[in-house]
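All chains should be modelled from the sequences, with the hints used to inform the complete structure.
Protein chains in written order, with our numbering: chain A, 229 to 560; chain B, -3 to 498.
Simulated from the structure, these hints should not be mistaken for laboratory data. Certain hints may be false.
Claimed, not checked - Restraint-style ranges between C-beta atoms, simulated for each label pair:
#1 B:386 - A:418: 28 to 34 angstroms
#2 B:386 - A:369: 46 to 52 angstroms
#3 B:55 - A:246: 33 to 39 angstroms
#4 A:418 - B:135: 55 to 61 angstroms
#5 B:360 - A:358: 36 to 42 angstroms
#6 B:252 - A:418: 51 to 57 angstroms
As the list claims (entries may be wrong) - Over the 12 angstroms line for every Cβ pair with chain A, so calculated as not near, a few chain B residues:
#7 3
#8 62
#9 248
#10 250
#11 320
#12 325
#13 338
#14 339
#15 365
#16 443
Small disclaimer: the values here were computed from a predicted structure and weren't measured. The C-beta atom is built at its ideal place from N, Cα and C for all residues, glycine as well.
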Amino acid sequence: MSSGLPTPTRAPTLAARLAPWRRELAVLALLLAVSISLALVNEQFLTAQNLQNLMRRVGISGIFAVGLGLVIITGGIDLSVGSLLALLGILQCFLLVDWHVPWYLAFPIILGMGAFLGLCHGLLITCLRLWPFIVTLCGLLIYRGTAQFIAGNESKGFGSAEGFSAVRDFLNGYVIGVPVSFWIMLMVAGAGGVLLHGTVFGRHLYAIGHNEEAARHSGIRTSLVITIAYVLCSLTASLTSILFAFDSGGITPSNHGSFYELYGIAAAVVAGCSLRGGQGSMVGIVLGVILIQLIPNLVNLLGWDTSLTFAVMGLVILIGAIADSLLVRPRH
Amino acid sequence: MTVPLLEMRGISKSFGGVAALHGVDFSAAEGEVIGLIGENGAGKSTLMKILGGIHQADSGSIHFNGQQAAIGSVADATRLGIAFVHQELSVFENLDIAGNVFLGREPRRMGVLIDRARMHRETTPILRRVGLDLDPGTPLTHLSLAQRQLVEIAKSLSLDARLIIMDEPTSSLTLTEANRLLEIIADLAAHRHTVVYISHRLHELTRSCGRAVVLRDGRLAGGLTGIEFTHANLVRLMVGRDLPPAAARTAVGASAGGLAIRALRTQAWPGHTIDLDVRRGEVLGLAGLVGAGRSEVARAVFGIDAMLEGSLSLDGRALRVRSPCDAISVGLALVPEDRKLAGLILEMSIRENATMATLHRHVRRGLIDRASERRAAEGAISSLGIRATSSEAKSSSLSGGNQQKVVLSKWLATNPQVVILDEPTRGVDVGAKHEIYQLIRRLAAEGAAVLMVSSDMEEVILQSDRVAVMHEGELAGILTGDDITEEAVMHLAVGQAPGLAS
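Put into structure tokens, the structure is as follows:
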């Protein structure tokens, strides 16, 4: 993937300074290559409609990928995101449609609910020392099942959107031609980038991801930091949930948001996060999200059978991992 | 003596340029129980690991049962009839007794199925021989540590071992359990098995072994048999190294203030409590054998492990330390034993490691000021003489000594009142060692209370102002001034020193 980059040397050359960013640069190069080829092959790619659609998809999955990235950098994982989208989506329908709660109260309730479930994940992981994989896998099952149960296993819509049609239309709409969800994603990613790369909290996330024991010995409150990471992950997922529910127009509890956590994990991993923790950047996570969301577009515009989408996505990630292992990683 | 069962001649072994054994001879006759003894790092375990096939000697020869033996692996040793009962037991808790005894060579039925009936049938008489009156189907989780050890011995018997090496088998047993084990060893010897017994408990050696072989600094220090085989002679052989005279020791009065540890009980030795005072301005060495509970004291004081009981005070003020974060805020610092696991984050730069405990000081308007961090790291690099290309160099690229200096720089930045160093110069080259000693001295001179846990006898003797010695979870005694000798420390460390214990 990054064979075009010269190998780093001891002297502080440009190459050496770019070396830590090799994964991000490689994904950026791949993104540009795919986009340019697509633009040449099919003029549909550069139409406003296609780009707006792509940006909306990137916006929606990019928001929670920011939070998920923080968790992955600590060496953890959150598998519950997709199910959380379904549960909170159903909650949103009930709040706005059935119970006529005004949107400015409903949204904080949804965000608070998400943050509370994230707090539960964090406390189970840090206080009871349960594996993140297990805790959030149980979340995946519990939230999906609960969503199906409370919705009576039926789809729920927003009907005529009485009382909240303005806010729905705004969130589904565009500002300067760019989808609102993409703007929100940019803001969340910007805030996440500052948090991750600029603050003490971000430094502590990396320290814990590299070596939790040494981090604790240095006086870092590892349990607190990890718990906050899970809260932020679920909080960004609940923000996604609000946008995604309006974007979908309705919630089918059995499949709304399913697989979304895996898109997020794939996006983080493809651009340099290690599932062992300690690695990755906010720029990389955003580029990874764009690459992952470009793939359905690519399959579509090349005129391939859309049922191939998952297979192409898997192959792209696999080829990336193989290229990284063969070309860049030092041999032992 | 009859024809020896085992003859090792001129065994030498180095690890990464550091010689662990220099031309050691060792022999054992059939039916003999031999005690193998020496300080931490004297080479006992290395010698036995060569015999057990875990390490290979660089030079020297091994004859077993009258024949030249090439022991290239544990399997080779097992085939010859050499079994090794390790200090950290290698039993499998998820299997039953018979499953452990026959692990890896389970009898089969029809080629694939394990013949449990036969395994149990053959295990029962062996268990009886080691004094274990249990069903072979008992899961190992139900067994005490002592019983698990007996299962390992049973395993070596079922392997037809003629020579059984036991590495500190009684270190975690109660007195009754240990006595029972010694009886079983005597019975094994009566049945013409040879036992090599590594132990620090000198009274056990004098009681159960026919003779003892003493190693010191990777060389044979001597052997003792008959009436010469006494506690005093063992200690004399174990130490007896010529040390350069210690620098003038600082005598600090009890009025100087400092850290007071009271009635501390740790998880490792829940039956014992420790009281210890580390005075401001002094370096208190904490000596003892591996496993005596020293690191556990350090970890409990710093809040890494919860104390079962106990209290801390600094200059008479009570301290509440429940996490390393609390410890740092009241002026404590711990340079941990395992540098790579707990001391620093290898993947991070010198800058990031050096500011890890004081990062809040480098925050401007909510964000980390990297320039300020870099200045701090570069200051540490020049004042501690850290050899690195820049403050951005990854810690993993540094030598052991320079890594340790980075750890120290992290703690110096916190301006600590109490500095606990656990094995501060382990894996550190001689040059860096001296620089670290100077730093420790300077810390004490500036008024910090320094507690230095060390297994390096030379370090303890030469760098401490006072030496506290621990033995099996208890404080065996405190030595001051001219009483700080290798012999006195060793007496206390092995636990029998009438008249010296405080």
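Cross-check of the supplied hints:
The hint said 28 to 34 angstroms for the Cβ distance between residue 386 of chain B and residue 418 of chain A, and at roughly 30 angstroms that hint holds. Distance hint check: the CB atoms of residue 386 of chain B and residue 369 of chain A are about 50 angstroms apart, consistent with the given range 46 to 52 angstroms. Checked against the hint of 33 to 39 angstroms, the pair residue 55 of chain B and residue 246 of chain A fails, with Cβ atoms roughly 50 angstroms apart. About 56 angstroms separates the C-beta atoms of residue 418 of chain A and residue 135 of chain B, a value consistent with the hinted range of 55 to 61 angstroms.
About 38 angstroms separates the C-beta atoms of residue 360 of chain B and residue 358 of chain A, a value consistent with the hinted range of 36 to 42 angstroms. For the pair residue 252 of chain B and residue 418 of chain A, the beta carbons lie near 54 angstroms from each other, so the given range of 51 to 57 angstroms is met. Once the 12 angstroms rule is applied to beta carbons, residue 3 of chain B is consistent with being away from chain A; the minimum gap is 40 angstroms. Separation of residue 62 of chain B from chain A is adequate, the least Cβ-Cβ distance of about 43 angstroms exceeding the 12 angstroms criterion.
A cut-off of 12 angstroms between C-beta atoms confirms that residue 248 of chain B is not in contact with chain A; the least separation is 28 angstroms. The claim that residue 250 of chain B is not at the interface with chain A holds, since no C-beta of that chain comes within 12 angstroms of its own (minimum 30 angstroms). Residue-level check failed: residue 320 of chain B sits 5 angstroms from the nearest beta carbon of chain A, not beyond 12 angstroms. The beta carbon of residue 325 of chain B sits about 8 angstroms from the closest Cβ of chain A, which is not more than 12 angstroms, so the claim that it is off the interface is violated.
Not every CB of chain A is more than 12 angstroms from the CB of residue 338 of chain B (nearest about 5 angstroms), against its label as outside the interface. With a least beta-carbon separation of about 6 angstroms from chain A, residue 339 of chain B fails to lie farther than 12 angstroms from that chain, contradicting its non-interface assignment. A beta-carbon of chain A is positioned within 12 angstroms of the beta-carbon of residue 365 of chain B; the least distance is around 10 angstroms. Even its closest Cβ contact with chain A, about 22 angstroms, leaves residue 443 of chain B beyond 12 angstroms, as expected for a residue assigned away from the interface.
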